[in-house]
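Enquirer: Here's the letter readout for the chains.
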Amino acid sequence: METDPPSESPPMLRVVLVDDHALVRAGVRSEIEHDVEIVGVAGSVAEAIAVVRETRPDVVLLDVHLPGGNGPAVIEAVTEAGVDTRFLALSVSDAAEDVIAVIRAGARGYVTKAISGPDLVDAVRRVAEGDAVFSPRLAGYVLDAFSVDGPEPDNPELDLLTAREQEVMRLLARGYAYKEIARRLEISIKTVESHASAVLRKLQLSSRNELSHWAANHRLL
Amino acid sequence: MPTIDSSMGPSDPAAGWSVPRLEPERRWIAGVATGLATEIGVDAILVRAALVGLTLSSAVWPLLYVIGFLILSRRERSLPEQRSTPSPKGRDLAHRHLGFLVAVIGLVPLSAALDDIVPSTALLPVGLLTMGIALAWSRGGHAAQSPALRAGIGAALAIAGLVGLVLAWSSSAISFQLVGLIVLIAGGLALVASPWLMRTAQDLNEERAARIRADERSQIATHLHDSVLQTLSLIQKNAEDPNRTLQLARRQERQLRDWLYTPTTATDRTGTTDGTKSFRLVLSEIVDEVEEMHGVAIESVVVGHTTLDEPVAAMLRAMREALVNAAQHSGASRIDVYAELRPDVVEIFVRDTGVGFDPTAVSQQRRGIADSVRGRMQRVDGSATIHSAPDRGTEVELRLPRSAERPRATIAKDDDGD
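These protein sequence lines map, in sequence, to chains S and U.
FYI, in the working numbering the residues of the first sequence are 1 to 221.
FYI, in the working numbering the residues of the second sequence are 222 to 639.
Next comes chain S alone, as it looks inside the complex (with noise of 0.2 Å):
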């Protein structure tokens, strides 16, 4: 950048936009180019691989939908080639089975872009520290298919939601900020990060076989 300002010591962030449509492209990063640095665009599965491989940004905003695949793809792809980068989903999509297909593949959250400008800043910032990002609709999708009304899970330790757990979900899909929830269940923001964490990767590895079932029989909010 070309004025570097004393008072802010840590550097931008850098981000790398996926989005096949140039207007969304424009939009976003219109809302959020002041606070972090965009390096890189990329409109299809092909171009997103390459860009992010040669900018080797801290966070990718993937969408969930692409020509020549889809957001998984992309992950996948880039994962394979050892880049170290963190991706969020930023879609319109509602689909179920497509966010929790995005984030089985290995996405830190899922936004829909609805967000207001200063939320993405602060989902990108919290997804570039390695922290999870839940929509209320992504946490929704979350307890509905961890809903306890199942069978026997195979793995309580990943099939199963904590209570706690489902408590901090639940304020999630109430619309419930990290600072709202730490605040109102007496615990610090950190350990809402931890609970949330958790369930991302209860999401990603757990084998249970109704979750990938409830996504595709559940293709709607």
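Hints were generated in silico from the structure; no laboratory data involved.
Glycine residues also receive a C-beta, built at the ideal position from the N, C-alpha and C atoms.
There is no bait here: all hints are sound.
Just some of the chain U residues that point at chain S, by a computed CB distance under 7 Å:
(1) E520
(2) V522
(3) V524
(4) D557
(5) Y559
(6) F570
(7) R572
Here the structure of chain S is known, so what remains is to put chain U in place on it, guided by the hints.
Expert: Then chain U, alone, in the frame of chain S:
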């Protein structure tokens, strides 16, 4: 007697008769009989019966039928639109039928005399052969009728005609060998032609599939035109009004998403099997309505399932009050709705991050709204709690314990009474 002429074949236009038309819509074979019947003004079945009856006296009739078809189908092409509604020629139907019958009976001796000159044994095979060829080559008006089937029947008729000819002309034993030869040749030809026939059938199937795809495309195009393009033009017109633009865009987004992702089998979206609307559908309708009326963004998340009975419907009305309240007073641009539907309890949370208020010291107006939310919930044995503090936003919590067991218990009691 003009009736006789017309029953024999195409009528002469000079005699004041309009040209009979083939009637492909109601035909049995090629529509000649039906066309004639319409022209004379009698039942088609009568004309058909007459043709069959006359055929018994002389094989010239099927031949005439085919010739009639060939001429008429040519006329058809040259005069496509001259369709005159045939005027009734007799005083009434009975008269016409009687006249027709008399004419046909009069034709029988003529026909029999004709048979002496040209023997049926020779004519019948010729008739069959001509009919078969005509059928195989005709294009047919019905899309539903398979051209392959028509060609097949035509070929069968033609072969039968050939066989008949051979049998009629040579009475010795070699005729059977000849028949065998014809059948063999026909079989060989069919074998040679079968790849072509199959390819044609396949092409037809592909064509049909392409047509279905085109139909789907045009259906999508129509939908996009009716919804998305209309909205886009509305947005252009309302460009100076950001709130209106936002509403239009949001509503369109939701509709399009519904249209794209609505599963065709799930009863969830369109309603339950007994025709009532589903919880999710009603909730999203309310959300749309409030969004549009007040220009706020509402994010709704629903978890689980429930049946939409009267208490739940009342709960959704209470939720609507809470949403309107938040949209009008909180100043927040976004409201979150979260509904959790469990077997034992249904909970709905309506949350905004707006100005909030002190619930212990509320204005009279807010009191009223709070009461209307609370009142609705209490009437169905539910509860409403309002959490708020100045600058901390507001959350309305609606709670409805599900007495899902109650109706079942009633039935059980009835059973016990036996």
